[in-house]
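Student: Single-letter residue listing:
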Amino acid sequence: MKQIKVGLAGQPNCGKSTIFNLVSGIEQHIANYPGVTVDKKVGFFKYEDYKVEMVDLPGTYSFSSFSQEEKVAKKFIIDESNPNSKEKSIDIIVNVIDSSNLKRNLYLTFQLLEIGIPVIVVLNMIDIAKNRGLEIDSKKISKMLSCPVVETSGSKSIGGKELMQTITNTFEKKTKYEEFKINYEELEVHIQKIEKLLENSKSHLSKRWLAIKLLEEDPTILEHVGSNIKKEEIDKEIESFHTLHDKDTISFLATFRYDSADVIYHECVKNNNINKETLTDKIDKIVLNRIFAIPILLFIIFLVYEISIVYGYKLTDYTWPILASMKNFIIDILPMADFTKVPMITDFFIWMTNSSIALLNYIPIFFILFALIAIMEDVGYMPRMAFILDKIFKKFGLHGQSTLPLVLGGAMVGGCAVPGVMSTKGISDERARMATILTVPYMNCLAKVPFYTLLLGAFFKPEMALMMFFISTITIFIALLIAKLLTTTVLKTRQTAPFVMELPPYHVPTIKGVFIRSFQKVWIYIKKVVTIVLAVAVILFAMLEFPGLSEDSILKYEKQSEIYLAKFDKQIKNNKYYQLVDTKNEVSDLLNYYDRYRAKRMAATSKEDAKQLDKKFKLINADYYTFLKPRKNKEAKKINRAIRKLSRDRKKVLREMKNEKIENSILGMTGRSLEPITQYAGFDWKINVAFLSSFAARESAVATLGSIYENNKADSKRAEEAMAENSGYTPLHAAAIIIFMILTPPCIATMIVVKMQTNSYKWMVFAIFFPVFLGIAMSSLTFTVGNIFSLSGVEAMAAFYFAIVFITLILAFYPSKSINWKGGLNKV
Amino acid sequence: MNKKMIMLDTLSKGQKAKIKKIRTDGKLLRRLLDMGFVMNSEIEVIREAPLFDPMELKIQNYYISIRKSEASLIEVKI
Numbered sequence: 001m002k003q004i005k006v007g008l009a010g011q012p013n014c015g016k017s018t019i020f021n022l023v024s025g026i027e028q029h030i031a032n033y034p035g036v037t038v039d040k041k042v043g044f045f046k047y048e049d050y051k052v053e054m055v056d057l058p059g060t061y062s063f064s065s066f067s068q069e070e071k072v073a074k075k076f077i078i079d080e081s082n083p084n085s086k087e088k089s090i091d092i093i094v095n096v097i098d099s100s101n102l103k104r105n106l107y108l109t110f111q112l113l114e115i116g117i118p119v120i121v122v123l124n125m126i127d128i129a130k131n132r133g134l135e136i137d138s139k140k141i142s143k144m145l146s147c148p149v150v151e152t153s154g155s156k157s158i159g160g161k162e163l164m165q166t167i168t169n170t171f172e173k174k175t176k177y178e179e180f181k182i183n184y185e186e187l188e189v190h191i192q193k194i195e196k197l198l199e200n201s202k203s204h205l206s207k208r209w210l211a212i213k214l215l216e217e218d219p220t221i222l223e224h225v226g227s228n229i230k231k232e233e234i235d236k237e238i239e240s241f242h243t244l245h246d247k248d249t250i251s252f253l254a255t256f257r258y259d260s261a262d263v264i265y266h267e268c269v270k271n272n273n274i275n276k277e278t279l280t281d282k283i284d285k286i287v288l289n290r291i292f293a294i295p296i297l298l299f300i301i302f303l304v305y306e307i308s309i310v311y312g313y314k315l316t317d318y319t320w321p322i323l324a325s326m327k328n329f330i331i332d333i334l335p336m337a338d339f340t341k342v343p344m345i346t347d348f349f350i351w352m353t354n355s356s357i358a359l360l361n362y363i364p365i366f367f368i369l370f371a372l373i374a375i376m377e378d379v380g381y382m383p384r385m386a387f388i389l390d391k392i393f394k395k396f397g398l399h400g401q402s403t404l405p406l407v408l409g410g411a412m413v414g415g416c417a418v419p420g421v422m423s424t425k426g427i428s429d430e431r432a433r434m435a436t437i438l439t440v441p442y443m444n445c446l447a448k449v450p451f452y453t454l455l456l457g458a459f460f461k462p463e464m465a466l467m468m469f470f471i472s473t474i475t476i477f478i479a480l481l482i483a484k485l486l487t488t489t490v491l492k493t494r495q496t497a498p499f500v501m502e503l504p505p506y507h508v509p510t511i512k513g514v515f516i517r518s519f520q521k522v523w524i525y526i527k528k529v530v531t532i533v534l535a536v537a538v539i540l541f542a543m544l545e546f547p548g549l550s551e552d553s554i555l556k557y558e559k560q561s562e563i564y565l566a567k568f569d570k571q572i573k574n575n576k577y578y579q580l581v582d583t584k585n586e587v588s589d590l591l592n593y594y595d596r597y598r599a600k601r602m603a604a605t606s607k608e609d610a611k612q613l614d615k616k617f618k619l620i621n622a623d624y625y626t627f628l629k630p631r632k633n634k635e636a637k638k639i640n641r642a643i644r645k646l647s648r649d650r651k652k653v654l655r656e657m658k659n660e661k662i663e664n665s666i667l668g669m670t671g672r673s674l675e676p677i678t679q680y681a682g683f684d685w686k687i688n689v690a691f692l693s694s695f696a697a698r699e700s701a702v703a704t705l706g707s708i709y710e711n712n713k714a715d716s717k718r719a720e721e722a723m724a725e726n727s728g729y730t731p732l733h734a735a736a737i738i739i740f741m742i743l744t745p746p747c748i749a750t751m752i753v754v755k756m757q758t759n760s761y762k763w764m765v766f767a768i769f770f771p772v773f774l775g776i777a778m779s780s781l782t783f784t785v786g787n788i789f790s791l792s793g794v795e796a797m798a799a800f801y802f803a804i805v806f807i808t809l810i811l812a813f814y815p816s817k818s819i820n821w822k823g824g825l826n827k828v
Numbered sequence: 001m002n003k004k005m006i007m008l009d010t011l012s013k014g015q016k017a018k019i020k021k022i023r024t025d026g027k028l029l030r031r032l033l034d035m036g037f038v039m040n041s042e043i044e045v046i047r048e049a050p051l052f053d054p055m056e057l058k059i060q061n062y063y064i065s066i067r068k069s070e071a072s073l074i075e076v077k078i
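Residue numbers (UniProt numbering), protein chains in the order written: chain A, 1 to 828; chain B, 1 to 78.
Chain A extracted, bound-state conformation (with noise of 0.2 Å):
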């Protein structure tokens, strides 16, 4: 079988990933290397008796400048057409054009076919095109261009077997393939100049291509032939055509390229239909309408939120149970308790289940969370986004495209970092993008609603209202005030891009795509997030499993298990079913089923899933199912009352000894270490507890608070009751609390993918460190503050609010330096 190696070109919005899965069917295999910034896509699959592998290049308008994008394309080029890497060399370029925007489009080609592999051109999208009254002579680009032409429609799957045959057709005719020349007039004896001056070289690229690059001072070029041209001697011929044309050579080929590209289109393009106004010239006259663009923005961000998070959320209803039952199966093999005395097994796999479960529970939301993000991508909203409201994101060291991943992250209540981190690969701005990527933490995700809920619920009853406004709105006043300072400060020296970004036409997004990518997308979060998480997850758990209880206690436990376990002996003494209950493990065991069946019972909503129920419990035994429901029998009535009794102590102890491990395990002393510093924001070591457990995951400092201050008494209080009485904290306390929660702390899984977007693990510690230290300091002002002036919780907050505001708004006029590109009026 032959081997064909297919590298997929073509600028940004030209439609290349539709050509990609239009060509690769959905037998490919599709294997993902992450770059830097830019991921590598490679999809394997068969044609007829010719194995394919394609490479999807990141999108690139050139193959001149400097972008992450065109460096990795020109990377992949360089390396992979030499016939003597260890690589397959690429035999064939396919590049793909947006045939309604042909000019810019042919720009790429033109550079493309100087590199002297076969190129196949891909008129994509020719449908819209025609549609736009654009009758276009394929045939005659073909000719001018002396390589072949297929016409595709991605979206519509038109095309995808004629480009087969073609990519096949041109393989096998891959040696009478004559290089592509574009005669530069008058930089030509320049270019043959450098081409001498090459002649040792033994680079296997093009001679000529190699002076082109040369003359456009491409760096990459330059340290690809290294020794055998000085640069001095390329700096000359580019000074004598200066003096003698007074031109620049850099500008003089762009220049030549767009006017060859010109020439292409007025032979090959007739427009019948100048000056009509299309369908997104209309859509635009409307979205970026000076009144009607915010509005509009803010109604598609509240309904993407409408959508992913609480539609979402209600879908997690559905996935739930299938989640739950998966625990409850784990949790039905493990070793049982002997009373008191819970394996060590068992308590680990319900808390590695418990931890996997909380994030495989987020699953559906992000899901969709993805496919709006793909459509928006696809639709073309996106660049508009950012057009509008650039200038508010500008002021703070941000770019337009910011926009997205801060309402990802949570711009209003609820949403989460992970994918607003994830989102921000696109943005071209280097500073800002790593401006944008540290502050998307900051926003509410939502993990932080539960425990704000929690507090506010304990704390705020009567104002929660107010506080909730207060929470949900300051976090991006917050971010836009950490940007600025991060921008000023850590990344000052980072480059900044120049904001030109092209507004593409309105498109339909295939079904299929948006699948693809949102799979993807998430699959990498299944893959790289759960994997860590769960790692931290056990780390956590050795924390607060050990050193565990002292002997003292251990045996002050079975005390009190034994004087239990006493009074239930006695209790049913003279029963008749006595002899079914008079060991300990026997009682253990009943007590096990009474408890495990209770649990059920409650999870069983539906009047056929209790009947389920009974009849599983009574096949597993018969005779505690008599217990169970004793109904008019009177002796197993009174082991039933004995057996509620003991289930409630023996719950207490557990409780007990759980609390008792926590506050003496690696990670309550950690807590009770960090309380001289806390103390200052009113912490005590039960909330230390509760944030370092959130990092494993938000949720958990619920789980955490909770347990801590779960009431003893066996009554049904509700956790927000039962820490409003048992914390001994006042509403001042919760404030700087609160305030604590909404700088931080990150969660793992967030971190993982801030270690991914800036490939570094510096900024994720930094990343980690920076919100604790900027939470502890302001939650240590505002409660300091608000205890010399006797503030209450609501009015600490009211003042934390408006100052950040206050601040935040001053800035916003204190400029900052967004060009450090050199040039302006200044050099004329």
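Quick caveat, the hints were computed from the structure, so don't treat them as lab data.
Everything hinted at is true.
Some chain A residues flagged as far from chain B (calculated, every beta-carbon gap over 12 Å):
{"#": "1", "residue": "GLU267"}
{"#": "2", "residue": "ASP569"}
{"#": "3", "residue": "GLU656"}
{"#": "4", "residue": "LEU674"}
{"#": "5", "residue": "THR730"}
{"#": "6", "residue": "SER760"}
DEER-style ranges, computed between Cβ atoms:
{"#": "7", "chain 1": "A", "residue 1": "ALA599", "chain 2": "B", "residue 2": "LEU51", "range": "51 to 59 Å"}
{"#": "8", "chain 1": "A", "residue 1": "MET1", "chain 2": "B", "residue 2": "GLY14", "range": "54 to 62 Å"}
{"#": "9", "chain 1": "A", "residue 1": "LEU466", "chain 2": "B", "residue 2": "LYS21", "range": "54 to 62 Å"}
{"#": "10", "chain 1": "B", "residue 1": "GLY14", "chain 2": "A", "residue 2": "SER89", "range": "46 to 54 Å"}
{"#": "11", "chain 1": "A", "residue 1": "ILE392", "chain 2": "B", "residue 2": "LYS21", "range": "25 to 33 Å"}
{"#": "12", "chain 1": "A", "residue 1": "PHE802", "chain 2": "B", "residue 2": "GLY14", "range": "42 to 50 Å"}
{"#": "13", "chain 1": "B", "residue 1": "LEU51", "chain 2": "A", "residue 2": "VAL490", "range": "26 to 34 Å"}
Partial pick of chain B residues on the chain A-facing surface, computed with a CB cut under 8 Å:
{"#": "14", "residue": "LEU29"}
{"#": "15", "residue": "ARG30"}
{"#": "16", "residue": "ARG31"}
{"#": "17", "residue": "LEU32"}
{"#": "18", "residue": "LEU33"}
{"#": "19", "residue": "ASP34"}
{"#": "20", "residue": "ARG47"}
{"#": "21", "residue": "ALA49"}
{"#": "22", "residue": "LEU51"}
{"#": "23", "residue": "PRO54"}
{"#": "24", "residue": "GLU56"}
{"#": "25", "residue": "SER65"}
{"#": "26", "residue": "GLU70"}
In this text, a Cβ means the ideal position worked out from N, Cα and C, and glycines have one as well.
Given the coordinates of chain A, work out where chain B should sit on it, guided by the hints.
Tutor: Same frame as chain A, now just chain B:
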């Protein structure tokens, strides 16, 4: 003949112009060239953003937005 330089950012909605010179170099120059801001190419101002800053232009038959700070480096003739 108008001898004063006209910069792109001073044009208003609907105005058309031709590029005369780009008064910058390095990364921004290359980016602009790649996007079609080459000598003599025709530009039409489509609109300003709702908050007045980036502006939308039509060049080489497609739409692009650039900040006014960048547009102020592009010299045009009307």
